[in-house]
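Number of protein chains: 2
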Amino acid sequence: MTRVGAMALEDYLQKVEAFHGHPAPGMVLGGFMVDLALKHLPPGEFYDALSETPKCLPDAIQLLTPCTVGNGWLRVLNLGRYALVLYRKPGGEGVRVYVDPLKLEAWPEIKDWFFKLKPKAQQNLQSLNEQILEAGSTLCSFRTVTLDADFIAVRRRGAFAVCSHCRESYPAADGPICRACQGQAPFQIS
Amino acid sequence: MTRVGAMALEDYLQKVEAFHGHPAPGMVLGGFMVDLALKHLPPGEFYDALSETPKCLPDAIQLLTPCTVGNGWLRVLNLGRYALVLYRKPGGEGVRVYVDPLKLEAWPEIKDWFFKLKPKAQQNLQSLNEQILEAGSTLCSFRTVTLDADFIAVRRRGAFAVCSHCRESYPAADGPICRACQGQAPFQIS
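From first to last, the protein sequence lines stand for chains D and S.
For the first sequence, our numbering begins at 1 and goes up steadily by one.
For the second sequence, our numbering begins at 1 and goes up steadily by one.
Chain D on its own, in the form it takes in the complex:
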């Protein structure tokens, strides 16, 4: 029985539908990527995660590891690459798993999807997912990496204040008023 992380592949695919909403090819591929990273993680007790894309991969990480956006163990940094890093703290030794374009050459349908060479309407989702399930982690490569010290440095939040404009609590270090009232909120209150 194929497993991804500590989970049977079938259970993972069910969780994908429940959590992510649909069996996105990126989630199927992402399961194998997380699995490959877990298998090559340097020894240690705890690890954190970095997703280099906001598309799909953060959800694969959240389903297969203890790392979530809200608990702070997963950070998303949009570098535009379909890749993830699992790493140890302290020290920052980790493993990076990425989709290897050379390895996609043997899978034209997967390549068309991955490079968006074909309009979505012309894709056969089931056939695509079947091929990803067949190819699994053979589409990926991995490398050991070391995270920069300032990226993994523990940041303690300082004092909170009440914003004199919106009257909500905010980190006092953000300035005399909160970031939203400084103009960063992407909405207007009706």
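Don't read these hints as lab results, they were simulated from the structure.
Hints are supplied without guarantee of correctness; some may be wrong.
The list makes no distinction among identical chains, and a pair is therefore deemed to hold if it is satisfied within one copy or across any two copies.
List time: in silico SDA-like cross-link candidates among lysine to any residue, alpha-carbon distance up to 25 Å [as the list claims (entries may be wrong)]:
1. Lys39 / Leu9
2. Lys103 / Leu125
3. Lys39 / Phe19
4. Lys103 / Arg157
5. Lys89 / Ser127
6. Lys39 / Gln123
7. Lys89 / Leu133
8. Lys103 / Cys181
9. Lys116 / Ala106
Given the coordinates of chain D, work out where chain S should sit on it, guided by the hints.
Here is chain S on its own, set in the frame of chain D:
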């Protein structure tokens, strides 16, 4: 039986432990915040979510709504406020739920935690969570909001290219080489 969203409160608290890893007070409070937002969402079929903080609240949203980071329906924008917005697309009409400092005055222990007035070691997690469960959404206020058009505009990704430096796929619009190879990666490959 108290419910948060479509879930019994007890089920939600179990899911918090499984997904978030521990019964963080921010997750307990977050459950009530999402519930309040769902109750005051403008009519419509689908909605997206915005979390104004990366702390805890994104996980409450991911557990109680169809919106996740990886499916793109939840975006996290760190404005430093413990608040969330659920909104309709198109149009951008939504509801914003926030913790109201005035309403915390009746709950000194919750206020101490929320404003970080007491060291974590001096907090009684169980008593704090019990009070949050008792207070529920009475700690929060909500307002109707309209999201900015450019925030909710649908962005289609353009063509992908292979980075001449790392040999991975990346959005061609990012430049002649990918963002990571432009120096934005927070790690070194060993």
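Right, here's what the structure says about each hint:
1. Lys39 / Leu9: Within one copy only: 15 Å inside a chain, 36 Å across chains, cut-off 25 Å.
2. Lys103 / Leu125: Answer is within: at 20 Å inside a copy they meet the 25 Å cutoff, but 50 Å across does not.
3. Lys39 / Phe19: both (24 Å within a copy, 21 Å between copies)
4. Lys103 / Arg157: between (44 Å within a copy, 23 Å between copies)
5. Lys89 / Ser127: Close neither inside one copy (40 Å) nor across copies (31 Å); limit 25 Å.
6. Lys39 / Gln123: neither (32 Å within a copy, 38 Å between copies)
7. Lys89 / Leu133: Answer is neither: 32 Å inside a copy and 34 Å across each miss the 25 Å cutoff.
8. Lys103 / Cys181: between (49 Å within a copy, 21 Å between copies)
9. Lys116 / Ala106: Answer is within: at 16 Å inside a copy they meet the 25 Å cutoff, but 55 Å across does not.
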